[in-house]
Amino acid sequence: MKISAFAIGEITLGLHSVKDLKLDQADKLVKAKKKTYPQVELITEELALDADVIILHQDARMDLILKDLEFMETRLGKNPPEQEKIVLNKMKAALEKEEFILTLGLTDAEREIISGYGLFTLKPVVVIKKEELGDLGTLLARVLAESKYICFLTVGDKENRAWLIKQGTTAWEAAGAIHSDIQKGFIRAEIISFTDFIACGGETQSKQAGKMRLEQKDYIMQDGDLANFRFNK
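Quick note on the working numbering: the sequence shown kicks off at 8 and runs consecutively.
Calculated directly from the structure, the hints in this document are not laboratory data.
There could be a bad hint or two in this list.
Simulated pairs of lysine to any residue, SDA-like, Cα-Cα distance not exceeding 20 Å [claimed, not checked]: (1) 97 x 83; (2) 26 x 142; (3) 165 x 32; (4) 155 x 46; (5) 173 x 101; (6) 130 x 105; (7) 41 x 57; (8) 137 x 23; (9) 136 x 234; (10) 224 x 186; (11) 92 x 116; (12) 99 x 137; (13) 218 x 206; (14) 104 x 129; (15) 173 x 184; (16) 173 x 48; (17) 74 x 101.
If you anchor each label on the Cβ, the simulated ranges turn out as follows [said to hold, decoys possible]: (18) 90 x 208: 55 to 63 Å; (19) 42 x 90: 46 to 54 Å; (20) 123 x 214: 35 to 43 Å.
Using N, Cα and C, we set each Cβ at its ideal position, and we do this for glycine too.
Assemble the whole structure, with the sequences as input and the hints as a guide.
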């Protein structure tokens with residue numbers, strides 16, 4: 008996952024681990040040789056269009072809006088097709104009210120029309136305070152939560168690990184976060200909810216209590232789910 012630091016010169020770019028409290032709790036109950044937090048990559052504002060999320064200070068908010076507004080005006084000046092023009096004007100009106108495009112709740116059809124655009128405020132944007140930069144780990148955890156990212160867990164043997172996914176991700180998609188071969192050969196997901204895992208005191212105890220569920224491809228992953236994916240090799 009990539010996070011663009013827009014006009015934030017005092018932040019350390021590169022890869023950062025984001026502490027996950029649920030993983031810490033799971034690690035106390037299931038021993039493994041290694042504990043791995045999810046990683047994010049902080050990149051410069053020049054690469055913002057490649058980012059999944061943008062972070063900025065409050066005083067840089069208008070700079071981001073103006074970039075998208077300039078694009079709208081340029082595109083409208085080229086007399087695009089009528090359907091495209093309707094969507095452009097809808098987004099332009101929001102930007103002129105100093106609103107981000109993401110807040111418009113564009114339909115799938117509207118998103119298809121603008122799929123080739125490079126728009127900054129169509130991405131999740133998180134406004135941060137300068138004092139938050141003193142604790143980057145806490146800041147990044149907030150950014151992930153506000154951008155609607157969650158983690159599922161895999162535990163045991165060599166590694167206890169938290170895997171970063173978007174809210175609404177299916178079990179089939181989550182399998183792909185681990186490896187494309189697991190996704191390709193997906194059979195089912197063995198899921199223990201985090202609440203049941205903690206209440207029962209571990210993975211083995213959860214299974215003995217009948218708390219492990221078999222879920223299909225379309226199951227929507229929940230934050231902290233413990234998952235084991237069965238797949239054809």
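Structure-based check of all given hints:
{"no.": "1", "hint": "97 x 83", "in the structure": "holds (12 Å)"}
{"no.": "2", "hint": "26 x 142", "in the structure": "holds (12 Å)"}
{"no.": "3", "hint": "165 x 32", "in the structure": "holds (17 Å)"}
{"no.": "4", "hint": "155 x 46", "in the structure": "holds (16 Å)"}
{"no.": "5", "hint": "173 x 101", "in the structure": "violated (25 Å)"}
{"no.": "6", "hint": "130 x 105", "in the structure": "holds (15 Å)"}
{"no.": "7", "hint": "41 x 57", "in the structure": "violated (31 Å)"}
{"no.": "8", "hint": "137 x 23", "in the structure": "holds (18 Å)"}
{"no.": "9", "hint": "136 x 234", "in the structure": "violated (36 Å)"}
{"no.": "10", "hint": "224 x 186", "in the structure": "holds (15 Å)"}
{"no.": "11", "hint": "92 x 116", "in the structure": "holds (14 Å)"}
{"no.": "12", "hint": "99 x 137", "in the structure": "violated (30 Å)"}
{"no.": "13", "hint": "218 x 206", "in the structure": "holds (10 Å)"}
{"no.": "14", "hint": "104 x 129", "in the structure": "holds (15 Å)"}
{"no.": "15", "hint": "173 x 184", "in the structure": "holds (11 Å)"}
{"no.": "16", "hint": "173 x 48", "in the structure": "holds (16 Å)"}
{"no.": "17", "hint": "74 x 101", "in the structure": "holds (13 Å)"}
{"no.": "18", "hint": "90 x 208: 55 to 63 Å", "in the structure": "holds (57 Å)"}
{"no.": "19", "hint": "42 x 90: 46 to 54 Å", "in the structure": "holds (51 Å)"}
{"no.": "20", "hint": "123 x 214: 35 to 43 Å", "in the structure": "violated (48 Å)"}
Consistency with the previously given hints fails for numbers 5, 7, 9, 12 and 20, ordered from lowest to highest.
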